[in-house]
Each structure stands twice: as C-alpha cells, then as structure tokens.
Amino acid sequence: MSILEVENLSVSFKQYTDGFKEINHKVISSLSVTLEAGEILAVVGASGSGKSLLAHAILGILPRNASISGTIKYKGVELTAARLATLRGKELALVPQSVNFLDPLMRVGSQVRTASNSEDVVSAQRKVFERYHLGKEVESMYPFQLSGGMARRTLLSTAMVSGAKVIIADEPTPGLDPIVIKEALSNFREFADKGCAVMLITHDIESALQITDKIAVFYAGTTVEIASVKDFVGKGEAIRHPYTKALWRALPQNEFISIPGSQPHPSSLPPGCLFAPRCEIATPECEQAPPDMRELRDGMVRCIHAT
Amino acid sequence: MRKFNGGKLGLFILMKGVRMVTLLVAICFISFLLVKNSPIDPIQAYIGADMLKVGPEQREKIAEYWGLDQPVMVQFLNWGSAVLAGDLGTSMIFRRPVIEVIGERFFNSLALMLSAWLLSGVVGFVMGVIAAMKKGTWIDRMIKWYCFTLASTPTFWMGLLVLMVFSVWLGWFPIGMGVPAGVLSEDVTLMDRIQHLILPVLTLSILGVANVALHTRQKLIVVMASDYVLFARARGEKGFALFWRHGLRNVALPAITLQFAAFSELFGGAVLAEQVFSYPGLGQATIEAGLRGDVPLLLGLVIFSTIFVFVGNLLADLSYRVLDPRTREVRKI
Amino acid sequence: MIPSLKININKFPLNRKQRTLFNIIISIIFLVTVILGGILLDEERIVTNLSERNSAPSLEHLFGTDWLGRDMFARTVMGLALSIGVGLIGAIGSALIALLLGIAAATMGKMADRIISWIIDLFLSVPHLVTLVLIAFTLGGGFKGIVIGLTLTHWPSLARVIRAEVMQIRSAEFVQVSQKMGKSQWWIAVHHILPHIVPQLLIGFMLLFPHVILHEAAVTFLGLGLSPHEPAIGIILSESMRYLSSGMWWLAFFPGLCLLIVVRMFDQIGENLRVLMDPTRSHD
Numbered sequence: 001m002s003i004l005e006v007e008n009l010s011v012s013f014k015q016y017t018d019g020f021k022e023i024n025h026k027v028i029s030s031l032s033v034t035l036e037a038g039e040i041l042a043v044v045g046a047s048g049s050g051k052s053l054l055a056h057a058i059l060g061i062l063p064r065n066a067s068i069s070g071t072i073k074y075k076g077v078e079l080t081a082a083r084l085a086t087l088r089g090k091e092l093a094l095v096p097q098s099v100n101f102l103d104p105l106m107r108v109g110s111q112v113r114t115a116s117n118s119e120d121v122v123s124a125q126r127k128v129f130e131r132y133h134l135g136k137e138v139e140s141m142y143p144f145q146l147s148g149g150m151a152r153r154t155l156l157s158t159a160m161v162s163g164a165k166v167i168i169a170d171e172p173t174p175g176l177d178p179i180v181i182k183e184a185l186s187n188f189r190e191f192a193d194k195g196c197a198v199m200l201i202t203h204d205i206e207s208a209l210q211i212t213d214k215i216a217v218f219y220a221g222t223t224v225e226i227a228s229v230k231d232f233v234g235k236g237e238a239i240r241h242p243y244t245k246a247l248w249r250a251l252p253q254n255e256f257i258s259i260p261g262s263q264p265h266p267s268s269l270p271p272g273c274l275f276a277p278r279c280e281i282a283t284p285e286c287e288q289a290p291p292d293m294r295e296l297r298d299g300m301v302r303c304i305h306a307t
Numbered sequence: 001m002r003k004f005n006g007g008k009l010g011l012f013i014l015m016k017g018v019r020m021v022t023l024l025v026a027i028c029f030i031s032f033l034l035v036k037n038s039p040i041d042p043i044q045a046y047i048g049a050d051m052l053k054v055g056p057e058q059r060e061k062i063a064e065y066w067g068l069d070q071p072v073m074v075q076f077l078n079w080g081s082a083v084l085a086g087d088l089g090t091s092m093i094f095r096r097p098v099i100e101v102i103g104e105r106f107f108n109s110l111a112l113m114l115s116a117w118l119l120s121g122v123v124g125f126v127m128g129v130i131a132a133m134k135k136g137t138w139i140d141r142m143i144k145w146y147c148f149t150l151a152s153t154p155t156f157w158m159g160l161l162v163l164m165v166f167s168v169w170l171g172w173f174p175i176g177m178g179v180p181a182g183v184l185s186e187d188v189t190l191m192d193r194i195q196h197l198i199l200p201v202l203t204l205s206i207l208g209v210a211n212v213a214l215h216t217r218q219k220l221i222v223v224m225a226s227d228y229v230l231f232a233r234a235r236g237e238k239g240f241a242l243f244w245r246h247g248l249r250n251v252a253l254p255a256i257t258l259q260f261a262a263f264s265e266l267f268g269g270a271v272l273a274e275q276v277f278s279y280p281g282l283g284q285a286t287i288e289a290g291l292r293g294d295v296p297l298l299l300g301l302v303i304f305s306t307i308f309v310f311v312g313n314l315l316a317d318l319s320y321r322v323l324d325p326r327t328r329e330v331r332k333i
Numbered sequence: 001m002i003p004s005l006k007i008n009i010n011k012f013p014l015n016r017k018q019r020t021l022f023n024i025i026i027s028i029i030f031l032v033t034v035i036l037g038g039i040l041l042d043e044e045r046i047v048t049n050l051s052e053r054n055s056a057p058s059l060e061h062l063f064g065t066d067w068l069g070r071d072m073f074a075r076t077v078m079g080l081a082l083s084i085g086v087g088l089i090g091a092i093g094s095a096l097i098a099l100l101l102g103i104a105a106a107t108m109g110k111m112a113d114r115i116i117s118w119i120i121d122l123f124l125s126v127p128h129l130v131t132l133v134l135i136a137f138t139l140g141g142g143f144k145g146i147v148i149g150l151t152l153t154h155w156p157s158l159a160r161v162i163r164a165e166v167m168q169i170r171s172a173e174f175v176q177v178s179q180k181m182g183k184s185q186w187w188i189a190v191h192h193i194l195p196h197i198v199p200q201l202l203i204g205f206m207l208l209f210p211h212v213i214l215h216e217a218a219v220t221f222l223g224l225g226l227s228p229h230e231p232a233i234g235i236i237l238s239e240s241m242r243y244l245s246s247g248m249w250w251l252a253f254f255p256g257l258c259l260l261i262v263v264r265m266f267d268q269i270g271e272n273l274r275v276l277m278d279p280t281r282s283h284d
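Chains as they are written, first to last, in my numbering: chain A, 1 to 307; chain B, 1 to 333; chain C, 1 to 284.
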C-alpha cells in the first residue's frame, strides 16, 4: 500500500486586481504522484514550476488565499485539515530549503528540540546531532552562525528527531559542495531503507538520479512523466515525455543542450498540452485539450505522442 | 565558544560619546547665540514689575554683575566653563540654582514620562500584535483607524478632553496642580502625587500607543509570513504557542528600540500635558522660562532635553547590540 | 517559491486608484471650503454680543458661543483657515530646506554630505517643542517666530528621503549613460533628477504639513506662538481652559475636533498620494 497518494491535486491562488475583480491563478493543476514505503521519489522540475507549493500543499501550510482541490491520502485514509493537524510534524515532516527557515533569534538546539515528539527532548536532540556529526557547541548557536553544511544537517535533524514516517525535502542540495550533497542524499537513502518514505523535491536531476527509485517530472504545475530511475540511460530512449528527454539531454555528460523558451506563467497557461509551445513533436492536436496522464511501459506519461 | 563582544561595545559607546559631545557643544553655542539675540531684556526679565524703581546706575551694576557688558563670545565662554563645572546659573523665576530646579522637576517629569512610556509601550505592543494576528478583520481595521486618528490628535486637546471628562464631569480628580494647593510639601503624600499623575499619564498613553502599535503590526505581519514561521507550522506549531515562540521573539526587539528612539516625542508630549494639567515638571518649566525670559533656565533645559533624547537613542542602539544575537555574538564557522 | 503573480486586468468601474483619487478630491473640497469659509466669513459673526453669552450649541450657534457671545463656529472656521495658512508657509519653507540640503548632500561630495548629516542630527537631538520654544523666545513670539520655528524644525526627515532618492537616481544606469554622453550636471539635474524627486517631494510635503499644523497649534496654545489677538485655534483652546471648570465643554471640544479632522484629512491625502505614486512601498 502506498504511504502517500496525491490524486488530481490542483492549487490556485486567489488574488485581487487593482479593482475589486478577483482572479484565480492555477499554480498546480491535476497533479498525481504516489509514494511507497521504503522509497525515494524525486520530483524534478525547473525552478519556478511550483514544486515547493506541492510540499506546502501536502503539509497544509499554504497561505490563506490559496485553494486546493483533489485528494491527498496518507496510509490510505484521506488527509483532512483536522487529520493533518495531528500528523504534521509527527508523521509528516518537511526539510526546508535553507537556513532562512530557522528562527534567526532562537538557538539551533531549542529549535530542534521543539520538533521532537519524544519524552526527553534534550537527549533526543543530542542523539540526532551526534548522528549527523554536529558538535555539542552547535546546540547553542544561532542560525546565522551555521555554515552551509551545518545548516543542512540541522534542518535534516529537525525532521529526523520528529520520528516522521514521511519526509518531504524541498531543494535540499543547492549551494552545497558535492561531498555534502552526497552525504545529505545518503542520509535520505538510509532513512528510506528503514521503511520510511522520502519525497525529494529538486531541480537537480543529476543528483536525484543517484539515490532515488522513481522520478516524477514536474512542468508548469503538473507532472508530465513518472519513470523509474532505470529509464534514464543512454540517449534516453526509454524516457517517455519530450520534456524529460530534453532535461536528460541537457545534462553535461550527455549532449549538454537545453531547449529554447521558458515555462509558461501561471496566469497565461496554454489551453492544450502545457509543453506544446516548446515541443519539437507537437502537432495541432496537442493544442486542443490538455492530455491525460496515462500508463505506459510501467510508468506514467502525459503526452499523446509518447510510445 | 560564545564570546561577548566587549571591546567593540566599548568603542561603540566611545564613538557615540564623542558625537554627543560635539552635538552638545554646537547646541549650547547656537542656543546661547539665539537667546542673546532675543528682544527680551534680561535685566527687565529679572527685575520684573520693579523696573521703574531701578535707575540706570543700578541697571549697569546688574549688567556688570552678570557680565552682560562683555562681548558675546566671552559671555559664552564664561557661561560654558561654568556649565562644565556644573553651574548652570540661577533661575530668574525661581530664584534658585537652575540645576536644582531641573533636578526637582526632572523627578516629577520622570514619573510622568516613565509611566506613560511603559503603559503606551505595553498597550501599543499588544494592540499591534492583535491587529497583526487578526489582519484584515474588523478588529484590525479598528485598531488601524484608531492609531491613524491618534497620530492627528493634538496632545493638548486630548488633555483638555481628559480633564473635562474625569475632573469636571466625573469629578474623580482635581483640576491641575502637581500637589494640592496650600499644603506644605512635607505633607504631600505619595497618594497625592499619584492622584495628580494619573490624568497626564493617561493622556500621553492614549496618544503614545499609535506609533508602537502600527510598527509592531507591520513587523509581525512580515514575521508571520516568513519562512521560519512557515517551517514552524510545518512542524505542527500553531496558534498562540507559535506566536509566543517565534512571533514575540522577533517583534519585541524592534518595538523596544522604537520606544527608546521616541524619547523626543515623549518629551514634547510631556511639555503639553504638563501645561494642561499644571503639573510641575520640566515641560512646564520650559514654557515658563520661554514666556518669562528666564535665560539660564531655558538654556539649562535645552541642554537637559538634548541629553535626555540622546540617552534614549543610545539605549535604542544598545538594546539592539546587547539583545540581538546577530550583533552580540562573534561569527564563528 | 510562489511565482510572482502579476495581474493586469483593470475593467472594474471604480478601481483602487480611482477610489484613492476620489478620496483625495473629497478631502481637498472639504479643506478648500474651510479655507474659503475662514476668509469669506462675516466678521460680524464674531463681534461681541453680550446678550448671547455662554450659550450651549444650538441650531443657531452650532458650536455654541463664548463668554463674549461670539459664535464659536465662525471662530473655529477662521482659526482653522489661519492654522492652515501658517502651516502652509511653514511646510513650504521646510520642504524647500529639505530639497536644497537633500540635493546638496547627495551631489556635493562626501564632506558636504557629512556636514549636512551632522546638521540633521543637530536638529533631531533637541525635542521639536523645545526648539520651537527657543526660537519663539528668540524672535519674541508672534507670527514671524512661529513660522521660522516651524520651518526650521520639520525638514530633517524629508531631507534624508530626498538625499537617498537623489543618490539612487545618480547611480542609475540612464544617468550614468547621460554622463558618459557628456551632458552637463545641470542638464542631468533638470532632465533626470528633478522629475524623480518631485513626487517624493510632494508626498513628503503632504505628510509633514499636518505635523506643522499640529505644532503651530501646540506652540500657540502654550502662549509662545501667534498673538492672543489672532483668531487661532491654539488661542481658542488655551482660552477655553479658563472656562473648563464651569462646564463649558463646547469651547474646547468642537475647535479641537475640527483641528483633528483637518489634520487627519491632510494626512490622508498624503498617504493616498503615496499609494498612488508608489504602490509597491505602501503595500500593506
């Protein structure tokens, strides 16, 4: 059984224009992913594609002017706001992007302790610090005193100390040197191997491929493909969606060419396939209606031409 | 591992001190020049109604006694060196040393300003927090409206309203005077003093909340929308505990700083409130000195109020340096 | 990583901008009425009329009458007009000082900048009211003393704003380009710097104006401003103090309330102007 299922999730933001008119921006549309226990799923997409909002939507911490539709299930039961309130920080944990997510005026140790759900918060915090090679002096430091790697491990500690079953890690690697990245990623692997699950949200397909089991490719607010890591080999023949292929080809060790154009803005989404305007194999049919997600060769794809 | 940044703090205070001294000297000099060029004849101001009885010879004697016949620069240096020695001269109105008058009056004003400062600070802070936590609701709109209106309210008119309501209509408090008239100062009890303190404090506090409240509201809205509050919510923190743990910590410091930096307005407010309530503080002395041409007292008050404002600004700076870990602790990586 | 949500739909009949403009116009109409009223009001309304002394507010005398039987409504309107007039002169003077010193600090080199910042500190280190008392004392009170005092005390914060603005424009690319093209300092000042600081100056002026009015009323109330023969609001209120204990609340209540409304209106115009001209900074 899947530990976390996201079905047909849409997130839109209500905004008021200069006058009184109210308009909705759809930043995530009909997105579906599932997360199995013992698995790491990477959600890969370019920055600005609304990936962080996926994490916030799952945890129910979107701003007030956001509205959600679709269902999210945890252990097979729907996550309502009330259920989420009891699970947030206990079963579901977030590993945020940067040190800015720590209270600048609170000592690091106390911040990790508040995340802990065990009886003896102090020893729980010390134990997790020890595990991530954070010295005892780090406890009484303020966030501004942490180095990049220390901040990363502290953020990870807040999730680990909570004893959560599912970790959603939002861009955990940017700005870190390769050794630290490797270390961070192996920590996730270790966590997943204990029977928990990790959703790794990242723009870095390359490091994602090293440790994940499954990759969901995210484009303009929705998933265009869900593929096994094994599909990412050679020239990418096994990859289903043209956007995924383009991402794969853009890697330095492959052809290192990126496709022209940019993602559409949430306020001006194309009527048909969201990728059609930049797609090499797009036909007039693609611009008619948004394609549905369909199964293909043990994966999922949102493209009518994929074979 | 943590090290208190003592050396830097000392240097900081020293630099502030030097700046203060240059400003103070300049203010003394300018004030002295201004006062010397005023059309009010200091001798007439001193002698008052008896002027007709004073002959020109006597006049000259008085002028000589005060050094009024010397060039202005010499007068300034004489006055300046006396000030440095702690002698601010003798008040013409009170016929007592200026330093004594200021000392006594400062005690009265301090009671007034400190109470108003604390009360408006705490109430304003709470109002700002409520407005921010309830942003967009009617209570937020009401607090905002109230604060903007207060910013446009003349202090002395608020004093008059308070006086009308509490003294004239309700008769709860006496009208004016710091102590009951006709009572010897030894017989004035603490209760008497407090009773006369309440209305001026109320007036200053009603008006003083606006600034802190609006500032705290703005700041807390930013804090509550910050990444670290988002992450705290992701960890399951919510409601009052969330505010207590992360909100309060991050808005209290700016509010304290703001309150210290507002000493100048506090003094101005006290001048007006003291005048309305006939409260014998520094403010009332300032007006008396200005109206009746008491030059030594006026100069003494200018110096004193400048120091007062400076102390406020210094405390504002220091509170940041001492309380904020980002400036308090040395960076260590 | 919430995408920047920019909207450009603008079809609703009365949008925020127009509403702000509407507010400004209403306020201006009100203020102009007050000023005109003060100028045009019949002097007869405030002549001593001993048969109608100390009467409470009624339909005939909206704000009541004083101990000489003068109509308080007429006195109040005249006082407001006078206060606005004195405030206007003081505010214009202050804004001019701020403009000159702000530009000088930004353009005349490091030394000038330091000196001006020192002068600003000088003015900010004495409480405004004490400075006003000192200046009024020096000039012997009256109209001249109060106007000069108000002019000299309200410019520092605006000067800082203008200095920062000019600094920012000078370092902007288009100015740098003009400099490279050999345009004169004067040309740059007229074509680039002035258009950018005019809105800031206007907003700054509108925001300091109400403060000037309040300070004028306060100093006059204290007896160091306009002379007791002028029909100023400060004078009316200070006179009313003598009659407070006899329960003549209308003498103080209405004039003060009107002063509050006028000041609040000017403040609102300033805030609204800021919203109109600088929507990002005034975001709630």
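If you're looking for bench data, these hints aren't it; they were derived computationally from the structure. Hints should not be assumed to be uniformly reliable.
Chain B is faced by these chain A residues, among others (derived, beta-carbon under 8 angstroms) [stated by the list, open to error]:
id: 1; residue: N65
id: 2; residue: G89
id: 3; residue: K90
id: 4; residue: P96
id: 5; residue: L102
id: 6; residue: D103
id: 7; residue: M106
id: 8; residue: T114
id: 9; residue: S118
id: 10; residue: F144
id: 11; residue: T158
id: 12; residue: G163
id: 13; residue: I179
id: 14; residue: I181
The beta carbon of each residue, even a glycine, is placed where N, CA and C say it ideally should be.
Against the structure, the hints come out as follows:
no.	hint	verdict
1	N65	violated (10 angstroms)
2	G89	holds (3 angstroms)
3	K90	holds (6 angstroms)
4	P96	holds (5 angstroms)
5	L102	holds (6 angstroms)
6	D103	holds (5 angstroms)
7	M106	holds (6 angstroms)
8	T114	holds (7 angstroms)
9	S118	violated (14 angstroms)
10	F144	holds (5 angstroms)
11	T158	holds (7 angstroms)
12	G163	violated (12 angstroms)
13	I179	violated (17 angstroms)
14	I181	violated (19 angstroms)
Violated hints for the displayed structure, listed by number in ascending order: 1, 9, 12, 13, 14.
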